[in-house]
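Protein chains in written order, with this note's numbering: chain A, 1 to 307; chain B, 1001 to 1319.
Hints are computed from structural coordinates only; laboratory data are not their basis.
Among the hints, a few may not be true.
Examples of chain A residues toward chain B, derived with CB under 8 Å [what the hints assert, rightly or not]: (1) ILE136; (2) ILE140; (3) VAL144; (4) THR146; (5) VAL150; (6) THR152; (7) PHE185; (8) VAL286; (9) TYR290.
Keep in mind the model is a prediction, meaning the values are calculated, not measured.
Idealized CB from N, CA, C, for every residue including glycine.
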Amino acid sequence: MAAVTAPAVRPADLAQRKVAAGLWENAWYRLRRDRLTIASAVILFTLVILSVSAPLLGERVFNTNEFSQDLLKTYRQPTLDPPKYLFGSDELGRSQVLRLLYGGQVSLFIGFVAAFMNITIGVGLGLVAGYMRGAIDDVITWFVTTLNSVPTIFLLIIFSALFSPSALLLTVVIGVLFWTGVTNFVRGQTFALREREFITAARTIGASSTRIMIRHILPNVLPLIFVLMAIDVGTIILVESALSYLGLGVPPGTPSWGSMLTNAASYFSRAPWLVVPPGAAIFLTVLCLYLIGDGLRDALDPRLKQG
Amino acid sequence: MRNYIIRRLLYAIPTLIGISILVFAITRLAPGDPVRLYTFGALNITEEDIAGLRTHWGLDKPLPLQYVDWVTLAIQGDFGRSLQYNRPALPLLLERLPATLQLATVALVLQLTIGIPLGVIAALKRGTWIDNVIRVFAVAGHAIPTFWIGLLFIILFAVTLRWLPSQGLLTVGHDVWDIPDRVTHIIMPAFVLALGGIANYSRYLRTETLDVISQDYIRTAHAKGLRERRVVYVHALRNALIPMVTALGPLLAVLVGGALVIEQVFTWPGVGQFTYAAARSKDYPVIMAGVMVASALLVISYLIRDIAYAIVDPRIKVR
């Protein structure tokens, strides 16, 4: 991986930089040519925009809201007339398409916020463990091994059942549970990086440990962190939807992709079409995130490109 | 080798201590007073009775002492009595263990027998449409929610086509040794549980095989005039399989954790389903025993993986 730190910038360096493209420019150059990744990013972006504008769409296009029931229009088959039954209606006559968009808000919010927490904790602990070594490393490694040895879904289910958390608390709990992979990765990288000459050089001129970790090691690890983040968001969305499917995710009533599927399973014989959209939405979102992660990795580090 | 195994066993101890602290903390910090819950609705109960019960269960002691009490009994296999069944919690769970082990084992076998050939084929047919299909499947297999695919399978194979049963270990009233009946029951949940692993193995093995077939000794084997088949199966595959053993670790975690969701979808009477039911009805002793059993399964799986790795690759050194 290319070292991107430059301790002192001399005019000569600047002149050279105009010629040689940096890591990000190179990556962007490669990424633009990767149609699959670009397509995934476009789809994901569209899904995010649609979910965020759910209240607006509900008001202007579908003329309903996510809770509004119509007991005379239950189990409507998917139809364009009226548009609010694009994906049909459920046992309470609620608009499935709108609930799907609101569910997207929940899933995407939990996914991104919890992944951000994971990355922050994971990178921080990984840097410290890898750079400081010794007793601190042992304690952090013990933490990682312990968390890795408990099936996380068991912990989440128990936590959810005993505490009945709000969506925000659930996000925080997922955020503090899934960081071990990131820590392992960053720790390994830091182990290797701290033996390199530029770190020795920084230490020789009297840079503090904190400075070395943040200014010299972090920038070298950062690119692949984005890859991990994309994959992490996808995984968290899968976990959250599984929890909601089991009735232990976000509080009941809040539309979510997982709980829509629980509903679809119960009313399957009356309304088989209910089972497709929520699952497809989860699948599509997670697939896009994983493909973006793969594409980013290939773009940032072409040596890793498979095939 | 014996030293390695012993040392590896000792490493498992701090991990198990960590897990027990975690489990204890979650259940004790949960809102709600177990004594009030237990005596809820009981008539003629005085504050003295409640205080008596508190002392009886040791709930008046400081938390660290309560933890020590709990761990001392738990090591001896005593997790307390289930509040729902009024029977010791651990034996209740262990009755469900064979079902989970069956499911996980069949899923693991499916992962290996489907995932490995897919990966090798993709690598050998690199760049062709076969390769592309397998690669797309490798990403999609990860991204698809297992409970959704489980539902779709039930709808397709059980409800619409009526080929396979949708739930349980075996048909009610059938003999437990009715193997064909059991196979039809396990095939759907095991395949759904295996899906992520199949995707993972095919992806992993494709990379490994590509890596190995570009090595010098493969060129030498070709140069010696060996047949393609012999080069692939004897020279390449053997070496490509070594790193696969490490990939087993996270997959086992997925098997144990994923089994909980799959067991719920297919009403499979395993440890996961039982723990889930206990969590919903706040049956604390069963919950705690459930997490400890699931974690112990995982710790043992990791142990087997490490020992397998040491056998497959004798170069491995113990830290």
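Evaluation of the provided hints:
For ILE136/A, the interface hint is violated, the least distance from its beta-carbon to any beta-carbon of chain B being 16 Å, above 8 Å. With 8 Å as the threshold, the beta carbon of ILE140/A stays out of range of chain B, its nearest partner Cβ sitting at about 12 Å, so the hint is violated. Proximity of VAL144/A to chain B is violated relative to the hint, the smallest CB-CB distance being about 10 Å (cut-off 8 Å). Hint status for THR146/A: holds, given a least beta-carbon distance of 3 Å to chain B, under 8 Å.
The closest approach between the C-beta of VAL150/A and any C-beta of chain B is roughly 5 Å, which is under the 8 Å cut-off, so the hint is satisfied. Taking 8 Å as the C-beta contact cut-off toward chain B, the hint placing THR152/A at the interface holds, the least distance being around 6 Å. A hinted interface residue such as PHE185/A counts as satisfied when its beta carbon comes closer than 8 Å to some beta carbon of chain B; here the least separation is about 13 Å, so the hint is violated. Here the hint on VAL286/A is kept, as its CB sits about 4 Å from the closest CB of chain B, short of 8 Å.
Because the beta carbon of TYR290/A sits about 5 Å from the nearest beta carbon in chain B, less than 8 Å, this interface hint is met.
The structure is inconsistent with the numbered hints 1, 2, 3 and 7, although it conforms to all the rest.
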